[in-house]
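Relying on the hints, combine the two individually framed chains into one complex.
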Amino acid sequence: MILIAAEHANGKLSRSTYEIVTCARELGREGPIAILILGKDVVGAAAEAALVADQVLVADRAQFAQYDAELWSAAVAQIASEGEAHTVLIGGSRSGREYSPRVAVRLDAALLEDVTSLRFAKDAVSAQHYTYLARVTEKIETPAKTIVATVKPGSFAAAAPGSNHAEQFDVDLNLPERRVKVIGRSLEKTARISLSEADIVVAGGRGVGSADGFTKLVEGLADQLGAAVGATRAIVDAGWRPYSEQVGQTGKTVQPKAYIAIGISGAVQHLSGMSKSKIIVAINKDGDAPIFKVADYGIVGDVQQIVPALIDGLRK
Amino acid sequence: MMTLIRQVLDAEQSVRTRDGAVDLANSKLVMDTMDEYGLEEALRLREGGIDAEVIAVGVGPARLREALRTALAMGADRAVHVETEIALDPIALSKVVAEIARQEQAELILCGGQQADWDSQALGAATAERLNWPQVTWTSALSLQDSTLTGKHDVDEGREEFSVALPAVITTQQGLNDPRYPTLPNILKAKKKELRSETLEQFQVQPMVKITGEEIQVKERLRKILDGKDAAAAATELLHLLRDEARVIA
Ligand SMILES: Cc1cc2nc3c(=O)[nH]c(=O)nc-3n(C[C@H](O)[C@H](O)[C@H](O)COP(=O)(O)OP(=O)(O)OC[C@H]3O[C@@H](n4cnc5c(N)ncnc54)[C@H](O)[C@@H]3O)c2cc1C
Ligand SMILES: Cc1cc2nc3c(=O)[nH]c(=O)nc-3n(C[C@H](O)[C@H](O)[C@H](O)COP(=O)(O)OP(=O)(O)OC[C@H]3O[C@@H](n4cnc5c(N)ncnc54)[C@H](O)[C@@H]3O)c2cc1C
Chain B
1 MILIAAEHAN GKLSRSTYEI VTCARELGRE GPIAILILGK DVVGAAAEAA LVADQVLVAD
61 RAQFAQYDAE LWSAAVAQIA SEGEAHTVLI GGSRSGREYS PRVAVRLDAA LLEDVTSLRF
121 AKDAVSAQHY TYLARVTEKI ETPAKTIVAT VKPGSFAAAA PGSNHAEQFD VDLNLPERRV
181 KVIGRSLEKT ARISLSEADI VVAGGRGVGS ADGFTKLVEG LADQLGAAVG ATRAIVDAGW
241 RPYSEQVGQT GKTVQPKAYI AIGISGAVQH LSGMSKSKII VAINKDGDAP IFKVADYGIV
301 GDVQQIVPAL IDGLRK
Chain C
1001 MMTLIRQVLD AEQSVRTRDG AVDLANSKLV MDTMDEYGLE EALRLREGGI DAEVIAVGVG
1061 PARLREALRT ALAMGADRAV HVETEIALDP IALSKVVAEI ARQEQAELIL CGGQQADWDS
1121 QALGAATAER LNWPQVTWTS ALSLQDSTLT GKHDVDEGRE EFSVALPAVI TTQQGLNDPR
1181 YPTLPNILKA KKKELRSETL EQFQVQPMVK ITGEEIQVKE RLRKILDGKD AAAAATELLH
1241 LLRDEARVIA
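Keeping their order, the protein sequence lines are chains B and C. What the first sequence shows, in the numbering used here, is residues 1 to 316, in sequence order. What the second sequence shows, in the numbering used here, is residues 1001 to 1250, in sequence order.
So that you can see chain C by itself, here it is in the shape it has in the complex (with noise of 0.2 Å):
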């Protein structure tokens, strides 16, 4: 089982921006928690029965060396991290996944959902597609039984339950898991668990897309806030700019 990691910013620190980018430099960051629901169900599937190496995998800068130890101590087994300063688009890092998957004879790749930091939803189905596999994404519960894989997932209008044969990947929802938190020991156990570092050359990858520019949004707000003790009053006076001021409501 393959578990991908990724590093994005603690959700409740705020974005900054330099020169028209992101800058991360002085930032918290911490593993995507839709990364670790499929960490966590990996090891849930593991710790129920299913005969099978946990790996986690990454694919970035020197410093998401962090989020792979925090996967080896929450319990994988071993981590591979694929060090490179180049930013890869989905479509571009899904080849190097592929490539991973198939040396590491993966069968069941967990991703998350929809990525903090860049709002991709992509890599899941990217990566099956290169390895002809089919993939469910949404998925907010799952079991494993005779290499077949059930399960719920979300979709446009409700969620509907499934099955898939493996190999096959799935990527996460919120609701599949509680991710558990590192304990010391397995803090200190996971020092000596295999980080392998790998270089991003040999897989032979381009990114096909480049930012060329980050801005904050900011809307200006009205900020017309009432004091609501006098319940009456305030609402009445709602209701007006509603109605008169920003012409919402008739």
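Just chain B, with the same shape it has in the complex (with noise of 0.2 Å):
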């Protein structure tokens, strides 16, 4: 069995795990595809899932209205090891990525971390994933008969739901009590599309002079393209922006279609955030800064000048 542990939000799948589905159904490893789904209140993403795999596994439960990497890693090790999944399958998103590995101890698995490709064969899995801060790509392989691996967002094309109806089971599971008592938390809302959906990704570093700055000219370009908002960890820093908009090594990847650079030396930590975007754009006064090195498009200039041109074209 291969069984993927579902990523899903508001009662509907994410976009993730029907990635996932791919990467599952191109592996080359014989076995059902099971898709596992912890959380309450989740009868639709059950319905989403059970059009695009062979067995739904629901537990519905109060306990799982909140991740917490200890249920969530004994409760996917334990249906792991019950329907006996030669592959676990999980999103490699923060929580994914944080509780995978303890799944991976429990099963005696290897573990493959932010996969963008899974293959079968010879009695191995072969996998690349980005290394050195997404600078080198790795070829790694296992003979290990359990595997469990994180897969990159982004990487696999979305499955298309099929005609059929998988039977969905209802799981008993032992779980363990919560250790980690979460106090308090504020979640980053906001208007604009996320950041990892965007098409387009419009961010600023510290060339924008200000956080007023960054107000008018990147997030006055975002309204104009539909775009997410980015930011440099300088400016994060400085406390002009939140962490949540933070792109590189120690804040989101991103890759969008085109990702634009105001204002943004292009430091490795940052361009490993984005240096796999489709399109990269940068504006910046500094010819020789390093991010006209990954630019597909760029000008030299003064972004307090260039910027408002760009959105008064934008207008007409």
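Just so you know, these hints were derived from the structure itself, not from any lab. Each hint should be verified, as a subset may be incorrect.
Unchecked claim - Partner residues aside, some chain C positions facing chain B, computed with beta carbon under 10 Å:
| id | residue |
| --- | --- |
| 1 | 1114 |
| 2 | 1126 |
| 3 | 1161 |
| 4 | 1174 |
| 5 | 1237 |
Stated by the list, open to error - Only pairs whose alpha carbons sit at most 16 Å apart, straight line, appear in this in silico EDC-like list of lysine to aspartate or glutamate:
| id | chain 1 | residue 1 | chain 2 | residue 2 |
| --- | --- | --- | --- | --- |
| 6 | C | 1152 | B | 188 |
| 7 | C | 1229 | B | 302 |
| 8 | B | 139 | C | 1019 |
| 9 | C | 1210 | B | 302 |
| 10 | B | 252 | C | 1237 |
Said to hold, decoys possible - If you only want the chain C side, here are some residues facing chain B, beta carbon under 7 Å, derived:
| id | residue |
| --- | --- |
| 11 | 1091 |
| 12 | 1134 |
| 13 | 1162 |
| 14 | 1210 |
| 15 | 1225 |
| 16 | 1232 |
Positions of the beta carbon are idealized from the N, C-alpha and C atoms, including for glycine.
Here it is in structure tokens:
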């Protein structure tokens, strides 16, 4: 069995889950594809899963209303061993990457992190992923009988729902007590499209001059393009923008159709989060800024003049 | 308190490959910044009155001793070096780390949130599972009182405040602290501190994952860079290129 631990939100399967289904179908390893759904009020997500999987396993209970690494890993590992899964696929989100190692240890399995490809052949699983701050593509291989892999979002096409309706089963689980208590949360909500889903990202760095400069230039341009906004660590540290907008090694990784960098120098830690973008556009007054080395299009000039001109041009 | 130290390529240096593998032989290696955050936090807890030793632990080749010496110079009380040329994947490595934690009777392990070389986020969680401890990842603020840790950490959609009783594994995130630089007197003092060597054999681990190739990705970029002296003209030209050539805007 190939077990997929679904990612879902608001009663719907996330796009990443459909991508993982494609990864499972292309793996080349025998066995039914089962989707496990842990959550509260997941009837809708389970119904969607039934259109793309061979089996749907559901644990709909209050305990799963809120994510916890130990609960999730215990549940996924238990279902994987009962179902004799040889492959366990988990989303490459922050939470997926956090609980997957515990699943691998429990199953005595090999862990392949953030894979962009996955293949089974000649009794071994091989995969690719990025290393060295996304500068290197590494090929890895494991002969382990059981593998756990996290799948990098955006690496596989989303599977299209078929006409079959897979059977749904409720599962019994032995779960540990929560040990990490959540005593507060600040969820950074934005009216904009999220960084991970946007086709276009407009990002700003120290070169925008101030928090107000960011609002005027970066948000102003993003408004015209229906884009998400991103930021460098320098300006997140300066308090101009929330951490949720940070792109890079210690922030988010994005790969939009177009990434527009405004007043960003292009440090490797920043590039690590956006270098896989299809098209990169840079605006910087320093023609030698490293960002231009990875840019498809760019303007050497003052962002205070260039960006308002772009906004004007788009308004017309 | 145990902090895990890895040595990675200095981010300012470019990566080189030879015969399909990353070649670090002549490169400058430094302590992983994410690990520095962990060590700094342990030192701060100790300075804040927590009565515990800070032990820096590293598993890797001979040159890793440099990074462990740096850890001692920053203020760790002693260091353990498990010397091996074998590249262990994080799941295999966690077995070694967990065993040392048991031997040292550690109650708090701090390690980097993401490795700057293998981009892995797995070591902290895998170690926690082996010890049957809870874990908190991407921690950006931490304090310890009466064996309970409280702090803040990043999750998919924002930030959470947490509390957890020791023992626990904490992985780091930027913002946790500003790591100190070792001063000259401390560098000299560090030479006298214990840096114990162990062999890997006693831990009986085998890597489960093998690297079969490493390639530097260079996506050819168009690099059509315009002069922006005439802002309006440059903007018009860029919009034209994005619309009609790249077709990324309507
Ligand atoms: C462990 C670690 C993790 C890190 N993680 C991240 C991360 O996740 N994300 C990240 O972004 N960084 C990260 N960094 C920081 C990174 O190294 C850089 O310091 C940061 O990306 C620089 O941000 P910046 O481009 O905004 O600022 P700067 O490097 O200061 O660049 C500003 C640019 O703006 C240009 N400029 C100035 N004024 C104008 C103007 N009027 N018009 C046009 N251009 C102008 C300048 O020429 C310059 O190129 C990390 C660093 C470390 C050590
Ligand atoms: C999952 C994973 C990810 C890695 N990521 C990186 C990375 O990002 N950057 C990086 O620099 N290195 C990485 N490595 C290590 C890398 O594969 C090389 O091993 C390392 O760079 C040393 O290369 P080498 O050619 O000098 O030594 P190698 O020729 O690989 O081996 C050195 C010595 O170790 C022994 N050895 C190697 N593998 C085994 C094994 N499986 N069992 C027993 N003995 C063995 C060899 O016999 C030899 O004596 C990773 C390894 C793994 C397993």
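Hint by hint, here is what the structure shows:
{"no.": "1", "hint": "1114", "result": "holds, 7 Å"}
{"no.": "2", "hint": "1126", "result": "holds, 4 Å"}
{"no.": "3", "hint": "1161", "result": "holds, 4 Å"}
{"no.": "4", "hint": "1174", "result": "holds, 4 Å"}
{"no.": "5", "hint": "1237", "result": "holds, 9 Å"}
{"no.": "6", "hint": "C:1152 with B:188", "result": "holds, 14 Å"}
{"no.": "7", "hint": "C:1229 with B:302", "result": "holds, 9 Å"}
{"no.": "8", "hint": "B:139 with C:1019", "result": "holds, 13 Å"}
{"no.": "9", "hint": "C:1210 with B:302", "result": "violated, 48 Å"}
{"no.": "10", "hint": "B:252 with C:1237", "result": "violated, 31 Å"}
{"no.": "11", "hint": "1091", "result": "holds, 5 Å"}
{"no.": "12", "hint": "1134", "result": "holds, 4 Å"}
{"no.": "13", "hint": "1162", "result": "holds, 5 Å"}
{"no.": "14", "hint": "1210", "result": "holds, 5 Å"}
{"no.": "15", "hint": "1225", "result": "holds, 4 Å"}
{"no.": "16", "hint": "1232", "result": "holds, 5 Å"}
Hints 9 and 10 from the earlier list are contradicted by this structure; the remaining hints agree with it.
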